[in-house]
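For this one, chain C is given, so just place chains Z and G on it according to the hints.
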Amino acid sequence: MSAGSANAAASSVNVSSSTKSLRVFGDEIWKNKTAKINAELFTLTYGSIVSQLSTDFQRNFTKVNEKLFAMGYNIGTRLIEDFLARTALPRCENMVKTSEVISKCAFKIFLNITPQVTNWANNKEAFSLLLDENPLSDFVELPMDAVKELWYSNILCGVLKGALEMVQLDCDVFFVNDVLRGDQSTEIRIKLNRVLKDEIPAGED
Amino acid sequence: MAIYSFWIFDRHCNCIFDREWTLKAKQSSGVVNSKQNEDTAKLLFGMIFSLKSICRKLGNEDVSNEIRTIATGKYRVHVLTTASGLWLVLLTDVQQKNVSEVLHHLYGEIYVPSVAENWLSPIDFAEKEEEKMGQGFRKIQNRYFLRAVEQYLSPMVSR
Amino acid sequence: MATTETKDLSEHQRLQLQFQLFQESLPKVNDVVYRMLLKEMLPLAIAVDKSLSDDEKEDENDKTEQEHRAAEEKLANLSIGYKGTPSHVLIKEYADSDEERRLRIRTKMMKMGYQIGNQVSELLIFSNNPNLNFRDMDLLSVMKFICRDVWKQLFGKQIDNLKTNHRGTFYLFDYDLKLLEGMALNEDALEKELSVLEPYLDIPCGILQGVLASLGYENNVSCQATFVDVPESKAGGFRSFPKGVSFNVLVNVNPTAGGEKTVDAGAKGAGAQSFPV
Numbered sequence: 001m002s003a004g005s006a007n008a009a010a011s012s013v014n015v016s017s018s019t020k021s022l023r024v025f026g027d028e029i030w031k032n033k034t035a036k037i038n039a040e041l042f043t044l045t046y047g048s049i050v051s052q053l054s055t056d057f058q059r060n061f062t063k064v065n066e067k068l069f070a071m072g073y074n075i076g077t078r079l080i081e082d083f084l085a086r087t088a089l090p091r092c093e094n095m096v097k098t099s100e101v102i103s104k105c106a107f108k109i110f111l112n113i114t115p116q117v118t119n120w121a122n123n124k125e126a127f128s129l130l131l132d133e134n135p136l137s138d139f140v141e142l143p144m145d146a147v148k149e150l151w152y153s154n155i156l157c158g159v160l161k162g163a164l165e166m167v168q169l170d171c172d173v174f175f176v177n178d179v180l181r182g183d184q185s186t187e188i189r190i191k192l193n194r195v196l197k198d199e200i201p202a203g204e205d
Numbered sequence: 001m002a003i004y005s006f007w008i009f010d011r012h013c014n015c016i017f018d019r020e021w022t023l024k025a026k027q028s029s030g031v032v033n034s035k036q037n038e039d040t041a042k043l044l045f046g047m048i049f050s051l052k053s054i055c056r057k058l059g060n061e062d063v064s065n066e067i068r069t070i071a072t073g074k075y076r077v078h079v080l081t082t083a084s085g086l087w088l089v090l091l092t093d094v095q096q097k098n099v100s101e102v103l104h105h106l107y108g109e110i111y112v113p114s115v116a117e118n119w120l121s122p123i124d125f126a127e128k129e130e131e132k133m134g135q136g137f138r139k140i141q142n143r144y145f146l147r148a149v150e151q152y153l154s155p156m157v158s159r
Numbered sequence: 001m002a003t004t005e006t007k008d009l010s011e012h013q014r015l016q017l018q019f020q021l022f023q024e025s026l027p028k029v030n031d032v033v034y035r036m037l038l039k040e041m042l043p044l045a046i047a048v049d050k051s052l053s054d055d056e057k058e059d060e061n062d063k064t065e066q067e068h069r070a071a072e073e074k075l076a077n078l079s080i081g082y083k084g085t086p087s088h089v090l091i092k093e094y095a096d097s098d099e100e101r102r103l104r105i106r107t108k109m110m111k112m113g114y115q116i117g118n119q120v121s122e123l124l125i126f127s128n129n130p131n132l133n134f135r136d137m138d139l140l141s142v143m144k145f146i147c148r149d150v151w152k153q154l155f156g157k158q159i160d161n162l163k164t165n166h167r168g169t170f171y172l173f174d175y176d177l178k179l180l181e182g183m184a185l186n187e188d189a190l191e192k193e194l195s196v197l198e199p200y201l202d203i204p205c206g207i208l209q210g211v212l213a214s215l216g217y218e219n220n221v222s223c224q225a226t227f228v229d230v231p232e233s234k235a236g237g238f239r240s241f242p243k244g245v246s247f248n249v250l251v252n253v254n255p256t257a258g259g260e261k262t263v264d265a266g267a268k269g270a271g272a273q274s275f276p277v
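Heads up: the sequence lines are chains C, Z and G, in that order.
Read in UniProt numbering, the first sequence has 135 at position 135, and its numbers run on one by one without any break.
Read in UniProt numbering, the second sequence has 76 at position 76, and its numbers run on one by one without any break.
Read in UniProt numbering, the third sequence has 203 at position 203, and its numbers run on one by one without any break.
For reference, chain C alone in the conformation it holds in the complex (with noise of 0.2 Å):
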């Protein structure tokens, strides 16, 4: 399946700081450049092996989320090239436009929903995605013992973090809530800790 579009270098250009373009960027990226599939399909395959991985640690939930996040972040690493080519985004100037992208590109076109951004940090360097519906939790009902302990979909923080990681963004990516386990709202907490520099070759200054 190709991800790239000869014209998806022409349509990014339009995408200047607006961010309601960035909507229809995204909008019109998912709905006629994108190869879809069924989300319970992915919603059950998902489960299978959030299951499996509870059952090969016998119910240790703390190495069941580190394994969801290194699943991702293996997964965001790669992802992110497909993104970039997708939609021929450059690099973001700042993090209030590097949420803007998160939510309405990426999430947008990978999954078909547009979190919320909020909570901004003063500083501007962290802020949270609210997920209003989530594909990989649809009709999930943790079991008791695993509703203090599982971040259910804690794969999407692997993959954030392995994608702004490619693009030179070092950041904390953690869930605060999930509906899952009782909360009000399923919120990921994204926290720049810093932008990483480019490499210069050997002998360079």
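A portion of the hints provided could be inaccurate.
DSS-like cross-link-like pairs, simulated, lysine-lysine; straight-line CA separation at most 27 Å [what the hints assert, rightly or not]:
| # | chain 1 | residue 1 | chain 2 | residue 2 |
| --- | --- | --- | --- | --- |
| 1 | C | LYS36 | G | LYS157 |
| 2 | Z | LYS132 | C | LYS197 |
| 3 | G | LYS111 | C | LYS63 |
The hints are simulated quantities; they were obtained by calculation from the structure and are not laboratory data.
A quick note: this is a predicted structure, and the numbers were derived from the prediction, not measured.
For chains Z and G alone, coordinates are given in the frame of chain C:
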């Protein structure tokens, strides 16, 4: 159009793929991932790298002010820079003003499916610290990538 | 007679169209995230096996309370300074594993596949597909259902060829298994590739068994996959894997009479696609 060569540089300033065509009349001519191109790769990288830094300074550190083409009297260098730090570089005859579609195809339709989505292939070709900062030597070798590049670019070599 | 047939057909077509519209109206996600999720299942299974064997070793050494706390804190701050093992490196570890470890990894893959299969048939049963009638399905119809509907749903294409001896032995041939698409080592080594890709075949094997189990064939079912050559007429695009896969399914049922017979599962026009209702 005449294409002279195609290069990919990664986030570690390493050349992870090179293909040079030597005879216009023979599409299969030239070399792939060649040791003898090492110096040329370094020079090419250095030139783009320097111009990039200058551009950035002139553009008030605007990250989106990227180099796209560089022309000399004889040839033109076309560069696609991705946010993930890859550079795809195509050398063509000087008449070719814009090959951005070709570069986007090489990235989106060839690199992404055969390297990024190929779970047996690395996406970071530097295996050790010593192989970073332009000191690396490993190349993209997988058959899907090699074949797709050949199929796509060969017909353009001497069109 | 002829008019009734046309009427039936249009009624059937109407249901078909309705079904198609219904399918299209269902929530969707991007195909690429699903494919990547499946691909990352192998590195995951390898990593899990690794940490389970590490745990065993640690248990022997009796960790102190302090070490325990440190380990837990490390997990809590998972994302800080995270350094993972890349997918392709984990997959290479499979190649260097002994038989015992390989088997453990493959069993994990199979189990995950089994659960997917178990649930995917539910998904399809409740999908109102006018072509499906699960009440009077015999084993052959079930296999055809797998070849067409299950495979289509999971891999975007049907099984290319289904063979059976009508005594519970089935061969399902997929000459372009989507899971293997674009998979190649960064060196020219097809033999090695085949051996590291083997565990990926356990996902569909598990799926097959899971679907069969959900439809009442729970016991005495086995499935084995092997790489086979691709017939020239079936050669695919540039990312198609150079080898096809044959899934050999054995269902231990009461033997019935009947010789070796080939059933073409591939769609040849609209007629071949529909099941006898």
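Which earlier hints can't be squared with this structure? none
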